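Trainee: Here are the chains, one letter per residue:
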Amino acid sequence: MEHHSWLWWIPFLPLVGSAVCGVLHYLTIRARRASPDAPGYAGLAGMVGVLSVGLSLVLAIRAFLLLRGLPVEERVLESTPWDWIGVGDLRIVLTIVLDPLSSTMTLVVTGVGFLIHAYSTGYMKGDKGYAKFFAFMNLFVFAMLMLVASSNLLGLFIGWEGVGLCSYLLIGFWYEKGWPAEAGQKAFVMNRIGDACFLVGSFLLVRLFGTLDLSEIGTLVPGLLGGSGEHDLELAVTALLLFGGCCGKSAQIPLFTWLPDAMAGPTPVSALIHAATMVTAGVYLVARLNPLFAASPTVLAVIATVGAVTALVGASTALVQRDIKKVLAYSTVSQLGYMFLGLGSGAFGAAIFHLVTHAFFKGLLFLGAGSVIHGMHEEQDLHKMGGLRKHMPRTYVTFVAGAAALSGLPLMSGYFSKDEILAHAFSAGGYYYLLWAVGIGGAMLTAYYTWRMVALTFFGPERFDHHHVHPHESPFSMTGPLAVLALLSVGGGLLGLAPVLGHLAHLPHLMGDWLAPVVEPGERVLAMRHGPHGEVSHSLEWILLGVGAAVALVFAYRGFVAYRDGIGADERLAERRPVLAGFLSEAWRVDASYQSFVVLPLGALARVTSAVVDQLVVDGIVNGSATVARAIGQRTRRFADGDLRSYALWIGAGAVAISFMWIWS
Amino acid sequence: MIQSDLARVYDADTLWAVSPAIALALGVLVLLMVGVVTHARWARGAVVAGTLGLSAVLQVVVLGDPPGAVFDGTFMADHASGLWGLLFLCGTAVAWLYSLNYYGEDRPYKVEHDVMMLTTPIGMMLMAGAQDLLLFFVGLELLSVPLYALCAFRRNRTRSVEAGLKYFLLGAFGAAFYLYGAALIFSATGTLSLAVLKDFGSFSTLAMSGVALLMASVFFKISVFPFHLWVPDVYEGAPTPVTALMATGTKAAAFAFLLRVTFLLPESAAMTVATIAIVTMALGNLGALVQQDVKRMLAYSGVAHAGTVLLVVAAALGGDRQPHGALDAALYYMAAYVFTAAGAFGLLAMLEQGGDRFTHIDNLRGLARRRPYTAAALTLFMLSLGGIPLTGGFLGKYLVFYSAVRADMIGVAVIGVLLSVVALGYYLRVVVALYMQPEPASLAGVAVPARRTLLPASFATGACAALVLLLGVLPRWFLTQIGS
Numbered sequence: 001m002e003h004h005s006w007l008w009w010i011p012f013l014p015l016v017g018s019a020v021c022g023v024l025h026y027l028t029i030r031a032r033r034a035s036p037d038a039p040g041y042a043g044l045a046g047m048v049g050v051l052s053v054g055l056s057l058v059l060a061i062r063a064f065l066l067l068r069g070l071p072v073e074e075r076v077l078e079s080t081p082w083d084w085i086g087v088g089d090l091r092i093v094l095t096i097v098l099d100p101l102s103s104t105m106t107l108v109v110t111g112v113g114f115l116i117h118a119y120s121t122g123y124m125k126g127d128k129g130y131a132k133f134f135a136f137m138n139l140f141v142f143a144m145l146m147l148v149a150s151s152n153l154l155g156l157f158i159g160w161e162g163v164g165l166c167s168y169l170l171i172g173f174w175y176e177k178g179w180p181a182e183a184g185q186k187a188f189v190m191n192r193i194g195d196a197c198f199l200v201g202s203f204l205l206v207r208l209f210g211t212l213d214l215s216e217i218g219t220l221v222p223g224l225l226g227g228s229g230e231h232d233l234e235l236a237v238t239a240l241l242l243f244g245g246c247c248g249k250s251a252q253i254p255l256f257t258w259l260p261d262a263m264a265g266p267t268p269v270s271a272l273i274h275a276a277t278m279v280t281a282g283v284y285l286v287a288r289l290n291p292l293f294a295a296s297p298t299v300l301a302v303i304a305t306v307g308a309v310t311a312l313v314g315a316s317t318a319l320v321q322r323d324i325k326k327v328l329a330y331s332t333v334s335q336l337g338y339m340f341l342g343l344g345s346g347a348f349g350a351a352i353f354h355l356v357t358h359a360f361f362k363g364l365l366f367l368g369a370g371s372v373i374h375g376m377h378e379e380q381d382l383h384k385m386g387g388l389r390k391h392m393p394r395t396y397v398t399f400v401a402g403a404a405a406l407s408g409l410p411l412m413s414g415y416f417s418k419d420e421i422l423a424h425a426f427s428a429g430g431y432y433y434l435l436w437a438v439g440i441g442g443a444m445l446t447a448y449y450t451w452r453m454v455a456l457t458f459f460g461p462e463r464f465d466h467h468h469v470h471p472h473e474s475p476f477s478m479t480g481p482l483a484v485l486a487l488l489s490v491g492g493g494l495l496g497l498a499p500v501l502g503h504l505a506h507l508p509h510l511m512g513d514w515l516a517p518v519v520e521p522g523e524r525v526l527a528m529r530h531g532p533h534g535e536v537s538h539s540l541e542w543i544l545l546g547v548g549a550a551v552a553l554v555f556a557y558r559g560f561v562a563y564r565d566g567i568g569a570d571e572r573l574a575e576r577r578p579v580l581a582g583f584l585s586e587a588w589r590v591d592a593s594y595q596s597f598v599v600l601p602l603g604a605l606a607r608v609t610s611a612v613v614d615q616l617v618v619d620g621i622v623n624g625s626a627t628v629a630r631a632i633g634q635r636t637r638r639f640a641d642g643d644l645r646s647y648a649l650w651i652g653a654g655a656v657a658i659s660f661m662w663i664w665s
Numbered sequence: 001m002i003q004s005d006l007a008r009v010y011d012a013d014t015l016w017a018v019s020p021a022i023a024l025a026l027g028v029l030v031l032l033m034v035g036v037v038t039h040a041r042w043a044r045g046a047v048v049a050g051t052l053g054l055s056a057v058l059q060v061v062v063l064g065d066p067p068g069a070v071f072d073g074t075f076m077a078d079h080a081s082g083l084w085g086l087l088f089l090c091g092t093a094v095a096w097l098y099s100l101n102y103y104g105e106d107r108p109y110k111v112e113h114d115v116m117m118l119t120t121p122i123g124m125m126l127m128a129g130a131q132d133l134l135l136f137f138v139g140l141e142l143l144s145v146p147l148y149a150l151c152a153f154r155r156n157r158t159r160s161v162e163a164g165l166k167y168f169l170l171g172a173f174g175a176a177f178y179l180y181g182a183a184l185i186f187s188a189t190g191t192l193s194l195a196v197l198k199d200f201g202s203f204s205t206l207a208m209s210g211v212a213l214l215m216a217s218v219f220f221k222i223s224v225f226p227f228h229l230w231v232p233d234v235y236e237g238a239p240t241p242v243t244a245l246m247a248t249g250t251k252a253a254a255f256a257f258l259l260r261v262t263f264l265l266p267e268s269a270a271m272t273v274a275t276i277a278i279v280t281m282a283l284g285n286l287g288a289l290v291q292q293d294v295k296r297m298l299a300y301s302g303v304a305h306a307g308t309v310l311l312v313v314a315a316a317l318g319g320d321r322q323p324h325g326a327l328d329a330a331l332y333y334m335a336a337y338v339f340t341a342a343g344a345f346g347l348l349a350m351l352e353q354g355g356d357r358f359t360h361i362d363n364l365r366g367l368a369r370r371r372p373y374t375a376a377a378l379t380l381f382m383l384s385l386g387g388i389p390l391t392g393g394f395l396g397k398y399l400v401f402y403s404a405v406r407a408d409m410i411g412v413a414v415i416g417v418l419l420s421v422v423a424l425g426y427y428l429r430v431v432v433a434l435y436m437q438p439e440p441a442s443l444a445g446v447a448v449p450a451r452r453t454l455l456p457a458s459f460a461t462g463a464c465a466a467l468v469l470l471l472g473v474l475p476r477w478f479l480t481q482i483g484s
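If you read the protein sequences in the order shown, they are chains A and B.
Using the working numbering, read the first sequence as starting at 1 and increasing by one per residue.
Using the working numbering, read the second sequence as starting at 1 and increasing by one per residue.
Be a bit skeptical, because a hint or two may be false.
What the hints assert, rightly or not - Stretch-level coverage of chain B by chain A, calculated; a stretch enters the list once three of its residues show a Cβ under 8 Å from a Cβ in chain A:
#1 21–31
#2 163–172
#3 202–212
#4 226–236
#5 376–390
#6 419–428
Unchecked claim - Here chain A is said to cover these stretches of chain B; the calculated rule only asks that three of the stretch's residues, wherever they fall, bring their Cβ under 8 Å from a Cβ of chain A:
#7 262–272
#8 434–440
Treat the hints as calculated values from the structure; they're not laboratory data.
What you are looking at is a predicted structure, and each value in this text was computed from that prediction instead of being measured.
Quick reminder that beta carbons are idealized off the backbone N, C-alpha and C, glycines included.
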């Protein structure tokens with residue numbers, strides 16, 4: 001273990017950047033107050049925002065290289081500790097710790113974050129909240145880095161809440177439109193439901209292990225497994241509660257409905273927060289505490305089931321969306337489902353691998369969609385696009401690369417990472433065969449909706465109004481990051497070639513080897529609980545790879561052909577199967593049922609409570625203190641209502657009630 | 001007390017132990033004199049600030065070496081009462097700073113206002129340190145009587161007078177419960193001293209009824225269900241700086257005493273207390289959810305917070321054996337709450353300087369553009385009330401729920417955490433209004449009051465905001481102070 005105080009700068013550089021951008025925003029407002037057209041400090045803020053994340057990326061790379069230079073079992077870098085809380089048996093020390101998993105995450109966050117920041121300088125150009133935007137984005141990167149690099153669950157929680165807060169601020173960034181602010185609030189409240197589970201889970205963790213240090217918890221888990229299994233239930237409940245937190249943050253069933261609404265924010269926000277980084281926090285948490293989750297077969301099965309079902313629901317909903325960002329949002333929900341399927345199958349490394357490739361290709365697709373929206377003057381409806389490949393060639397090429405990776409076309413990054421997850425699910429056997437089948441079904445839909453989206457955007461007749469819309473290619477600040485991400489999406493598979501292919505190409509599974517020391521404890525626990533994991537034979541592996549490739553190719557082709565010539569297929573579906581189309585487009589009506597089963601009753605309860613407190617109690621009881629009221633003055637209607645008497649009555653009744661309860665207990 | 005000899009009671013140690021309260025009392029007298037001699041604002045301000053400062057310095061020195069039980073064992077000047085004392089002084093100082101430019105039409109009576117405000121912390125200190133049921137009552141009245149008058153201080157406003165009268169009538173009602181309860185305890189046990197009562201193994205039915213009535217009265221002051229109904233009306237009607245004082249100081253003082261008398265309750269009462277806490281949280285949060293007036297919303301939120309911190313008592317009864325666990329959690333929670341709520345109410349008071357229109361949530365819309373600092377501070381306070389990490393409110397909540405978990409009250413903790421999720425909904429509405437909604441047309445021409453008149457309030461806001469952040473970012477220092 002090595003100590004490096006500079007590790008603190010990895011999260012803190014973006015924090016400093018955020019503060020500077022905030023000041024610049026304030027100065028800009030002041031300058032504009034004097035003369036409305038003043039340029040303010042927007043350009044400077046953009047530079048600060050990009051540079052702070054860029055420098056953080058440089059440090060993250062430096063840490064990565066240092067780590068790689070160490071022997072495998074010693075690959076942990078630690079910052080100087082910050083003694084945060086000390087009370088009784090609750091002692092919390094915050095430290096930045098980089099092991100292979102955290103290092104991977106910091107590289108993704110700062111790397112993809114850097115590209116998206118650079119893209120934003122073009123995308124947000126001319127926005128009056130330009131500096132504010134970068135302040136929020138930098139703040140987000142800070143919180144996300146705290147989340148992935150904290151040694152302690154409470155430190156992680158600081159980041160966890162921080163990213164939620166930034167997500168909320170950024171979803172509502174364009175509040176003039178009215179609805180984004182509401183969408184932001186929905187996202188935050190839904191996340192808080194998950195956070196409540198998370199917090200309670202953390203209390204149970206302290207009770208079980210006496211610590212919130214993540215690596216200590218990992219090493220202590222095996223000790224609780226022996227004997228008669230008296231801790232099994234507690235372990236399972238704790239893991240499930242933490243997983244509840246992950247469901248909120250990573251938009252899994254039943255808490256996924258906020259993510260599509262979150263698309264109201266600017267597109268770079270969707271790319272960074274709602275595709276590449278924040279929503280993967282749940283996946284990170286499960287991977288980080290892998291021994292804890294591995295300890296209970298039931299918990300793993302729950303995670304895998306939630307993941308598989310979410311993957312299917314998300315993919316099927318994406319089939320019929322007309323808004324290009326909604327397609328990508330449901331696609332993200334679905335891909336996160338795959339990651340949880342992987343975690344639930346015990347394939348922690350594979351899930352993180354998919355997280356990384358997903359950050360590349362989904363970040364790319366969102367940025368590409370942003371470029372399209374930008375070029376189309378804020379049009380997001382697929383039915384009003386078409387034929388854009390002539391107008392936006394660079395966006396078109398990179399978008400197709402991303403689509404190929406998402407749909408899992410052979411040899412693309414998404415192909416390897418998704419198939420690795422499915423192969424693990426298959427090899428887990430038993431119930432998992434069913435989940436594997438669900439996963440394959442999801443893969444079919446994924447290929448189909450991805451190429452539907454590509455066909456509707458870039459092919460077919462131009463369905464937009466040529467008088468008002470003049471599609472144009474975006475500037476280099478936007479297409480540059482697209483190109484980099486496209487390369488990563490296509491070539492990212494090299495990080496983790498399937499073993500049989502790697503064998504042929506003499507390439508090791510880089511990602512798997514790199515993450516091995518982190519996932520090894522979980523795999524050991526798995527072996528303790530389930531016996532040795534079933535190995536996949538070479539011939540079976542070839543078959544699974546073949547099935548994955550075939551499914552992707554066939555359905556990508558069908559999706560593409562069905563929509564190559566226009567929106568006819570959508571119209572036919574809506575005509576012949578209106579119920580199905582409606583059901584799918586509303587995401588299986590989950591949101592509507594929340595509205596009727598949760599939101600409305602809660603609102604009604606609140607109103608009734610306040611009515612009871614404010615009026616019923618007040619009005620219902622005889623109004624007798626009129627004499628007092630008259631003595632005081634004219635407008636004392638509320639007195640005459642007799643509320644004072646009823647308050648006194650409640651106090652008296654309450655006193656009597658607690659007397660009886662305590663005397664008789 | 002009667003047979004003890006006066007010289008023994010009033011020795012130097014004793015006077016030293018209550019010196020912060022004595023300083024306040026002397027300050028009150030000086031202030032009355034000053035009020036007769038001169039109307040100069042600065043003279044009055046200097047006396048109040050000087051008194052609070054002197055009292056705080058004395059409190060810190062006393063805290064360095066707490067004398068322990070004094071006044072023949074009726075007053076406990078220990079570490080906890082010292083810390084509570086400091087908290088009361090801070091709360092009073094903040095409320096006073098916000099009140100400086102708050103009143104427009106009642107300026108002639110400002111001396112009386114300050115005199116009453118300066119009297120309240122004396123009462124709070126006596127309550128927090130009371131080891132005798134009678135001494136607590138003296139403190140309670142010393143706190144309450146000035147507050148009754150302060151609530152009605154805007155005497156030409158119906159709402160204010162109404163609030164004062166309501167608070168007075170119900171407060172008197174609550175005090176009657178207290179006295180009757182204390183009388184029952186005395187008749188059953190023959191003592192009013194907590195130290196003596198501690199040695200009783202179990203109480204007779206008579207004593208237990210006394211305890212229940214006593215608790216009802218304390219619950220009334222900390223405003224938990226079903227003794228909380230007066231809170232929204234009174235908090236809304238009272239002048240806002242007074243509300244700040246009531247919401248923070250009174251609650252903290254009653255809570256300090258509640259922790260001292262928790263041992264009177266049997267362990268089986270844990271579930272009742274937990275239920276009261278949960279119901280209070282539920283009613284407070286649900287009530288706050290539908291309020292359109294921010295002051296009233298904060299009043300309901302205060303009820304919910306009282307419920308949360310009551311969980312500590314339930315946990316202490318229910319088997320949280322962590323030494324000082326309950327006290328640590330309660331002190332931390334209340335410290336965070338005092339600065340957050342005082343700041344939040346204070347900011348409303350500050351906004352009201354421009355007229356009475358500002359407490360409605362619609363009038364806060366788009367405030368961030370007109371008054372960025374005020375909006376930023378109000379946001380911080382809302383986040384702290386909602387329990388977001390790196391604010392004091394988060395850690396307070398965490399310690400409270402953690403204490404409940406240690407006492408094996410997992411279900412209670414879960415419901416509590418879930419309810420605090422609901423709470424965030426209404427705190428965020430304020431933030432949304434501040435930052436994400438356009439300014440209402442009716443407020444377009446409203447000028448920001450002159451900077452000079454905002455100075456004291458700005459200072460108080462800055463101090464509260466800094467403390468809320470410090471409590472969240474560097475909790476260790478505070479916890480060490482509490483724990484030592």
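Trainee: Compare the structure with each hint and give your call.
Mentor: Status of each hint after checking the structure:
Check result for the region 21–31 of chain B against chain A: violated, 0 residues qualifying (beta carbon to beta carbon below 8 Å, three or more required). Closer than 8 Å: that is the beta-carbon criterion, and the region 163–172 of chain B has 4 residues meeting it against chain A, so the requirement of 3 holds. Using a Cβ-Cβ cut-off of 8 Å, 5 residues of the region 202–212 of chain B lie near chain A, which meets the minimum of three, so the contact claim holds. Proximity of the region 226–236 of chain B to chain A, defined as three or more residues with a beta carbon under 8 Å from a beta carbon of that chain, is established by the 6 residues found.
Residues of the region 376–390 of chain B lying with their CB closer than 8 Å to a CB of chain A number 4, which satisfies the three-residue condition for coverage. For the region 419–428 of chain B, the stated coverage by chain A is satisfied: 6 residues place a CB nearer than 8 Å to a CB of that chain, which reaches the threshold of 3. Given a C-beta distance limit of less than 8 Å, the hint that chain A covers the region 262–272 of chain B holds, as 5 residues qualify and 3 suffice. Counting residues of the region 434–440 of chain B whose beta carbon lies closer than 8 Å to any beta carbon of chain A gives 4, which reaches the threshold of three, so the coverage claim holds.
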